[in-house]
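Chains A and B, in that order, give the protein sequences.
Quick note, the first sequence lines up with residues 8 to 121 if you use this note's numbering.
Quick note, the second sequence lines up with residues 8 to 121 if you use this note's numbering.
These aren't lab readings, by the way, just hints derived from the structure by calculation.
All figures in this text were calculated on a predicted structure; none of them were measured in a lab.
Even glycine gets a Cβ: it sits at the ideal position worked out from N, Cα and C.
Misleading hints may appear alongside valid ones.
Which chain B residues stay away from chain A? Per the calculated CB distances, all over 12 Å, these [unchecked claim]:
id	residue
1	Ala19
2	Asp27
3	His29
4	Phe38
5	Cys63
6	Ser72
7	Thr75
8	His78
9	Glu85
10	Arg91
11	Gln93
12	Arg94
13	Arg96
14	Ala98
15	Tyr99
Computed from the model, here is a short list of chain A residues facing chain B with C-beta under 8 Å [unchecked claim]:
id	residue
16	Ala22
17	Arg48
18	Ala68
19	Val107
These are the residues of each chain, in order.
Protein chains: 2
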Amino acid sequence: MLGEEAPIACCAPLAAAVLDEHEAEATAELFGALADPARVRIVNTLATSPGPVCACEFEPALGLSQPTVSHHLKRLTEAGLLEREQRGRWAYFSLRRDAVEKLAAVADLKGACC
Amino acid sequence: MLGEEAPIACCAPLAAAVLDEHEAEATAELFGALADPARVRIVNTLATSPGPVCACEFEPALGLSQPTVSHHLKRLTEAGLLEREQRGRWAYFSLRRDAVEKLAAVADLKGACC
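Model the full structure from these sequences, guided by the hints.
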């Protein structure tokens, strides 16, 4: 789809019976996308917002410069966690529903899988 | 307890209603512990093993040197994810049950909390 990154499709759950090197790398990549306080706060904001959030709102909320916010939004979008929608001059972001499911499955060490 | 790191106690779920800067950092730190393919494979091995695993088993399984394996095991233990038990000259590792629960709760964006 136009303007969308590919969904998370490659990583395997931490509790997968067999985990090859490629899957381990993809899973580590997904966790790496969340291994930053600013990105955790962006995801938290989106998780607790009723609708898409304008990129312009993160700058004051996080106390970060616009290029830094853009970098974090790009990283999260590339990891397949966010959906980006252009509205005029601003981009709006929301959590991808499939990413939410996938992250919970990957982090579930109790054995439930996707 | 002797020989144990503190459990994961500080990080907040990604979907927490309010997430302060300290909690965001702790949550990012937890994800950072899993943002490496070797550490993902260690956790995967422990998640699929019936009992504690000797540190000596990871070296051949991961194709990494002993110091590198030790570094990864230390990082995971410090993050509160692993329990370390000394048996003679070798250390044995297992997943902490509370960490398993905590990780699933932190990564659950669907709203369920700890």
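Going through the hints against the structure:
{"no.": "1", "hint": "Ala19", "in the structure": "violated (8 Å)"}
{"no.": "2", "hint": "Asp27", "in the structure": "violated (9 Å)"}
{"no.": "3", "hint": "His29", "in the structure": "violated (9 Å)"}
{"no.": "4", "hint": "Phe38", "in the structure": "violated (4 Å)"}
{"no.": "5", "hint": "Cys63", "in the structure": "holds (20 Å)"}
{"no.": "6", "hint": "Ser72", "in the structure": "holds (17 Å)"}
{"no.": "7", "hint": "Thr75", "in the structure": "holds (15 Å)"}
{"no.": "8", "hint": "His78", "in the structure": "holds (15 Å)"}
{"no.": "9", "hint": "Glu85", "in the structure": "holds (15 Å)"}
{"no.": "10", "hint": "Arg91", "in the structure": "holds (18 Å)"}
{"no.": "11", "hint": "Gln93", "in the structure": "holds (24 Å)"}
{"no.": "12", "hint": "Arg94", "in the structure": "holds (23 Å)"}
{"no.": "13", "hint": "Arg96", "in the structure": "holds (28 Å)"}
{"no.": "14", "hint": "Ala98", "in the structure": "holds (21 Å)"}
{"no.": "15", "hint": "Tyr99", "in the structure": "holds (18 Å)"}
{"no.": "16", "hint": "Ala22", "in the structure": "holds (4 Å)"}
{"no.": "17", "hint": "Arg48", "in the structure": "holds (5 Å)"}
{"no.": "18", "hint": "Ala68", "in the structure": "violated (11 Å)"}
{"no.": "19", "hint": "Val107", "in the structure": "holds (4 Å)"}
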